[in-house]
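2 protein chains.
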Amino acid sequence: MAGNARIDGTRLWDSLMAMAEIGATPKGGVRRITLTDLDRQGRDRFRGWCEAAGLSISIDTMGNMFARREGRDPAAPPVMMGSHLDSQPSGGKYDGALGVLAGLEVMRTLNDIGHVTERPLVLVNWTDEEGTRFGHSLMGSGVWAGVYPEADAGRWTDVEGTSVQTALAAIGYGGPQKAEPFPADAYFELHIEQGPILERENKAIGVVTGAQAQVWYDAVIEGRDSHAGTTPPSLRRDALVGAARIIERVHAMMQARGEDGRGTVGFLEVVPNSRNVVPGLVRFSVEFRHPDDAELDRLDHEFEPAAFEIARSLGLKLQLDRLFKFKAQPFDPACVGLVEAAAQRLGLSWRRIVSGAGHDAVYVARRVPTAMIFTPCRDGLSHNEEEHIEPDQAAAGGQVLFEAVLARADRKA
Amino acid sequence: MAGNARIDGTRLWDSLMAMAEIGATPKGGVRRITLTDLDRQGRDRFRGWCEAAGLSISIDTMGNMFARREGRDPAAPPVMMGSHLDSQPSGGKYDGALGVLAGLEVMRTLNDIGHVTERPLVLVNWTDEEGTRFGHSLMGSGVWAGVYPEADAGRWTDVEGTSVQTALAAIGYGGPQKAEPFPADAYFELHIEQGPILERENKAIGVVTGAQAQVWYDAVIEGRDSHAGTTPPSLRRDALVGAARIIERVHAMMQARGEDGRGTVGFLEVVPNSRNVVPGLVRFSVEFRHPDDAELDRLDHEFEPAAFEIARSLGLKLQLDRLFKFKAQPFDPACVGLVEAAAQRLGLSWRRIVSGAGHDAVYVARRVPTAMIFTPCRDGLSHNEEEHIEPDQAAAGGQVLFEAVLARADRKA
Chain A
1 MAGNARIDGT RLWDSLMAMA EIGATPKGGV RRITLTDLDR QGRDRFRGWC
51 EAAGLSISID TMGNMFARRE GRDPAAPPVM MGSHLDSQPS GGKYDGALGV
101 LAGLEVMRTL NDIGHVTERP LVLVNWTDEE GTRFGHSLMG SGVWAGVYPE
151 ADAGRWTDVE GTSVQTALAA IGYGGPQKAE PFPADAYFEL HIEQGPILER
201 ENKAIGVVTG AQAQVWYDAV IEGRDSHAGT TPPSLRRDAL VGAARIIERV
251 HAMMQARGED GRGTVGFLEV VPNSRNVVPG LVRFSVEFRH PDDAELDRLD
301 HEFEPAAFEI ARSLGLKLQL DRLFKFKAQP FDPACVGLVE AAAQRLGLSW
351 RRIVSGAGHD AVYVARRVPT AMIFTPCRDG LSHNEEEHIE PDQAAAGGQV
401 LFEAVLARAD RKA
Chain B
1 MAGNARIDGT RLWDSLMAMA EIGATPKGGV RRITLTDLDR QGRDRFRGWC
51 EAAGLSISID TMGNMFARRE GRDPAAPPVM MGSHLDSQPS GGKYDGALGV
101 LAGLEVMRTL NDIGHVTERP LVLVNWTDEE GTRFGHSLMG SGVWAGVYPE
151 ADAGRWTDVE GTSVQTALAA IGYGGPQKAE PFPADAYFEL HIEQGPILER
201 ENKAIGVVTG AQAQVWYDAV IEGRDSHAGT TPPSLRRDAL VGAARIIERV
251 HAMMQARGED GRGTVGFLEV VPNSRNVVPG LVRFSVEFRH PDDAELDRLD
301 HEFEPAAFEI ARSLGLKLQL DRLFKFKAQP FDPACVGLVE AAAQRLGLSW
351 RRIVSGAGHD AVYVARRVPT AMIFTPCRDG LSHNEEEHIE PDQAAAGGQV
401 LFEAVLARAD RKA
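Protein sequences, first through last, are from chains A and B. The numbers in my numbering rise by one with no breaks, and the one at position 234 of the first sequence is 234. The numbers in my numbering rise by one with no breaks, and the one at position 210 of the second sequence is 210.
Just chain A, with the same shape it has in the complex (with noise of 0.2 Å):
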């Protein structure tokens, strides 16, 4: 019975320690920019694993790589699971990789015990999901999903001025296979946490409803530098004393929110810098996320005003840019029931838990019926090189994963 099957812990491990050889850092994490030499590395491991175990590779023309297991029917709409090999610049061994290579060891494990599902099985690796590179993240899922036009992201350029056009062909990657939509059953993708929730609960699996709403934005305040000595408090306009109020102003919002809610300052950068000059400008940026839309909205309209009226009592200009505002993502509840039920029917610790972070998942769901397996990760650090997890919970999640995929891909019409 395919349905009892075990997926092999060991196997998947290797698998996870041999693609975070490539790109390997001093201090234990992983740096495999996206479309990098090094991506093109990882690739092409993954690649020669995926041919070992029989799939046929497709590649689209944003990169993202599409190995197919048949199914019984092959003119069904395939079941597809996926995640992302690229890094951050001081990224870990497991955020993208486990994803993609538990896909991996389900359709291994499904060739070990001969077993062929009735739909046929698509294991995906998305281009560019972290964004470091060229200022977009979940690219290649998002162009794929239609979230981003394929003409402006081929575009779209690094620091150096390479696009990501040449990047992709710099490395051979860029595919005939138009990136867009095709009919697919379902979308399953196993990522690791990256926060504290299961740990802190001591939960195995996080079985992901859905993604929360965000919006981000761009600041910059502006004052006058002038000597710290010098400038008398009336003739003061420091622009560093507005990010402040701004920054506590964010944390309140939050905190009103429960423990629900996010908002963060997570850059900040100080014109002239230097310790005896009132700062003239700083550059921040400014996000909240919530899982309920209306709640985001409060948000964001809450904040406009209260980050003018600031800057206006300290006599500093600001601009404000909204980068973006997404809507909550729920996910497919067949597709998160058949996670619920892997996990329940395996004896595994679980828990419902909203996505705080953005994954390929979300953009997919837009066109497919998605769910998304959580697992712990040590004291819920990610993009970190200190990024860890342990073999059994990778296995856990992996082993998750191939009782849904393959309950989805069974399952009678």
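Derived from the structure by calculation, the hints contain no laboratory data. Accuracy of the hints is not assured; some may be wrong.
Because identical chains share one entry, a pair is satisfied inside a single copy or across any pair of copies.
Capping the alpha-carbon separation at 25 Å, the derived lysine to any residue pairs in SDA-like fashion look like this [as the list claims (entries may be wrong)]:
| # | residue 1 | residue 2 |
| --- | --- | --- |
| 1 | 317 | 273 |
| 2 | 203 | 330 |
| 3 | 317 | 285 |
| 4 | 327 | 233 |
| 5 | 325 | 272 |
Nothing here was measured: the structure is a model prediction, and the numbers come from that model.
Following the hints, position chain B against chain A.
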């Protein structure tokens, strides 16, 4: 009568412009960082002018340059004047250079009228007033006055590991004379105000009565970086929120002192500084200044526990290093009186003022009766390529310097 002589404002201005050619920046400022080859070029030009004016040059082991004009009584303690020729990385044409070149103009004017003062005159170019390269401002005057031990200062290094000693030797300005105080009758320093007070009150001359007390800190506040999307409020340890509250507190403490208070966070750096990461660490500077020692003590004593309480309340770790604490430095009443009398006699508008910035005069004042003369600068702007003064403002300051120096150098013992 020497007392009725007028300095040559055009010659002074031409010298300022000629000096500003060395290290000129495209935006009209100056980048002439201490002990670089540009500093050497500036020193060489100054030396050439001094020699052409018949002054004898001596150089001490810290590179301080002394240009002497003999008096009728060569054994009498000299009257000193001067400032510095080094600049900020993006500095202006007048900060420092005005005091040195106005001193040169005093010498040239005395030559023109053929007047020999009773006491010798010594014009000084102090090494590294700005402190931007080796991390200690007022270095040359500080060593001379015994504030910094010379053995320590010689070993201070820049970011590339070059020591002060090595840099002095490289530009050929490590002299044989020991850097230590010699008996001197007085020291006068002309400087732009670097603040907006004189301009705002439409005064030509600031009669500087002393310098503010100051305390400077380096702060590091540490929480934990974590994913901005996944970390709930209760689990955040956001170092930037802590820094923001301390910035607000510094501002409030300044404002509570009225127009005499100064409190500034001018430098701040966020780690990892990524828009979707809750900041784990922030480094920043804090400084307070006040004309009154007792009030500065109160600021110092109030700040430390307040900052630690802010950190504690947010679960953050704060490290606070007091870099230095200076007492207020009153200038010599007799010297201050000569400056005031000169401004008055010349019919210039003037006011008494406390220096907000540090100046070589503040250290020299520990050893020699000292006063300073301020002239306005446009919008109070300094440490900025747009620093600007008018020729007649420079000439007025130079004339007051001339008269004060002459009154002291020729006074009966």
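Against the structure, the hints come out as follows:
| no. | hint | verdict |
| --- | --- | --- |
| 1 | 317 to 273 | both (18 Å within a copy, 23 Å between copies) |
| 2 | 203 to 330 | within (22 Å within a copy, 67 Å between copies) |
| 3 | 317 to 285 | both (16 Å within a copy, 24 Å between copies) |
| 4 | 327 to 233 | between (43 Å within a copy, 21 Å between copies) |
| 5 | 325 to 272 | between (31 Å within a copy, 24 Å between copies) |
In summary, the structure agrees with every hint in the numbered list given earlier.
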